[in-house]
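Protein chains in written order, with this note's numbering: chain A, 1 to 288; chain B, 1 to 183.
It is possible that part of the hints are untrue.
[What the hints assert, rightly or not] Interface residues of chain A toward chain B, partial, derived using beta-carbon atoms under 10 Å:
#, residue
1, Cys23
2, Ala51
3, Ile55
4, Gly58
5, Glu59
6, Ile61
7, Trp142
8, Thr152
9, Ser188
10, Val196
11, Glu239
Hints listed in this document are in silico derivations from the structure and should not be mistaken for laboratory results. Cβ coordinates follow ideal geometry from the N, Cα and C atoms, glycine included.
What follows is each chain in one-letter form.
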Amino acid sequence: MRAVIVATVVTCLTAATARAQSCGAPDLVSTVPPDGATLVPVDAPLHAFYAAAAIYQGEPILLDLPDGTEQALVGEFDQAEGRLTLTPPEPMSGLATYTLQWPELRGTTSGGKGLGKKVTFTTGASADVSPPSFAGATTLAWDWVRENDDCTDKIEDRLSFDVSLAQASDDGGRDSLTLVLSQTAGPSLATGPRQVLLGPLPPSGTPAHVSLALDGAVGHVCFAALVRDLTGKISGGGEHEVCVQTTQPPFFNGCSMAPLGYDERARGWLLGALAFLLIARRRGGHAC
Amino acid sequence: MDTTSDSAHDLAPDLGFDLAADVAPDVPSPSDAPPPGTVPGCVPTAETCNSLDDDCDGVVDNDVAPIPCPGGGYRYCVAGRMSDCPTRCAVCVPGGQRVCFISYCSYWGLQACASDGQSWGYCVEQRPVPSACSSVASNKKHSPETEQCCIDNGFCCLDEFDLNGNGDKTEMLGRCGDLLCAQ
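Isolated chain A, as found in the complex (with noise of 0.2 Å):
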């Protein structure tokens, strides 16, 4: 009986300051373009973007070309993005394959590498000579979230936006468009709109999702939207605005439904077993 009294002790302590790998991981996210991709432009710079921890310390960008070559090169990182970008040291050919590996980055919060990818895709017959296009974000639409972060160990509450998008296209192909999703209103603005997610353009008719910290989102919020191709070209649409009210959720921290971390709930436990182990005790006549 005190063996398992103290398993238990010991698990919940440990579970009390363990955290997920995963947290926090400068694993890449997204690349532009995908793997599979089609048309993409042959004097298209290629970029990858990782987890907001990531640095890139020049780690390789291997690209296999279509005579079965590889060529090792060294991206550009620009760190607010996240994205590391390839400039291929001289145009693409025509309609041919490629391959990319994306290198696996180290972090600053964690000590192993993240993940990188592997991502092939096909060129096009020529180069990117047009802007994109696209009318911006149609509607939105908003929930509430409340899941346990794998990294603080506790359940976080944000609220969710679907923005849903205008059909776009590019002379790159679609699949080579970035989109850049920017809060235009909401309570935690003081400057200016700010860019919440930037990535691949979702498949068409699936809107563009984000999750907010409350502070950020109760109250009126609006988004735009606009997409930049490989090139760095943009399209219009960011003056189509979506807006929304949103409210407080109701959040009543009862003592059913508290959110507690690791760290209450193995407080919990440890009361719970100590006051096992003291009945335990007396009913057995053992005395400290």
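Guided by the hints, dock chain B onto chain A, whose structure is given.
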């Protein structure tokens, strides 16, 4: 009407293009001027980010070039205003940890940044207290001295006691470079 067809701009050198040529002051040349009568009564001026159709081509805020930011990324014209420069996170770098101060037991704790970088978690007591500050925490307990010891010994510390006197008790002081969002 296609409202987007002529509203594009190249971005910056790291995207492989000549930004300087594209972010030059946006003064319409005679060849850029809209056809007469496009917007009756409109007097064309340079398009600026203001939710108005300054150049009278029937589209607001087109031809407003992105502005490169010193720390990376760009400012874009959205909803009539230029967006702020992007930051790599909203509040803190996901998974980062800072020292916080509790009012009991060890008087020393750790606080983790959420996986989306938008909030901090609970302040969880840490034992043992790092040796450099164990005696201070033991003697001075929950006090400015304990926070000062945290800062002096190279930790990233919650400024709970407002040691820099700016009235902000939610900021971080000390060695916090890896946890800051702005670059």
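To see whether the hints hold, each was checked on the structure:
Interface hint status for Cys23 (chain A): upheld, as the beta-carbon distance to the closest one in chain B is roughly 5 Å, under 10 Å. Interface hint at Ala51 (chain A): satisfied, since its Cβ lies 7 Å from the closest Cβ of chain B, which is below the 10 Å cut-off. Nearest Cβ of chain B to the Cβ of Ile55 (chain A): about 9 Å, under the 10 Å cut. The hint holds. Below 10 Å, beta-carbon pairs count as interface contacts, and Gly58 (chain A) has none with chain B, the closest being about 15 Å; its hint is therefore violated.
With its C-beta approaching chain B no nearer than about 17 Å, Glu59 (chain A) sits outside the 10 Å limit, and its interface hint is violated. Interface hint status for Ile61 (chain A): violated, as the beta-carbon distance to the closest one in chain B is roughly 14 Å, over 10 Å. Interface hint at Trp142 (chain A): violated, since its Cβ lies 16 Å from the closest Cβ of chain B, which is beyond the 10 Å cut-off. Because the closest C-beta pair between Thr152 (chain A) and chain B is about 3 Å apart, less than 10 Å, the hint holds.
For Ser188 (chain A), the shortest C-beta to C-beta distance to chain B is roughly 9 Å, which falls under 10 Å, so the interface hint holds. Because the beta carbon of Val196 (chain A) sits about 8 Å from the nearest beta carbon in chain B, less than 10 Å, this interface hint is met. The beta carbon of Glu239 (chain A) comes within 5 Å of a beta carbon in chain B, closer than 10 Å, and the hint placing it at the interface holds.
Hint compliance for this structure: hints 4, 5, 6 and 7 are broken, all remaining hints hold.
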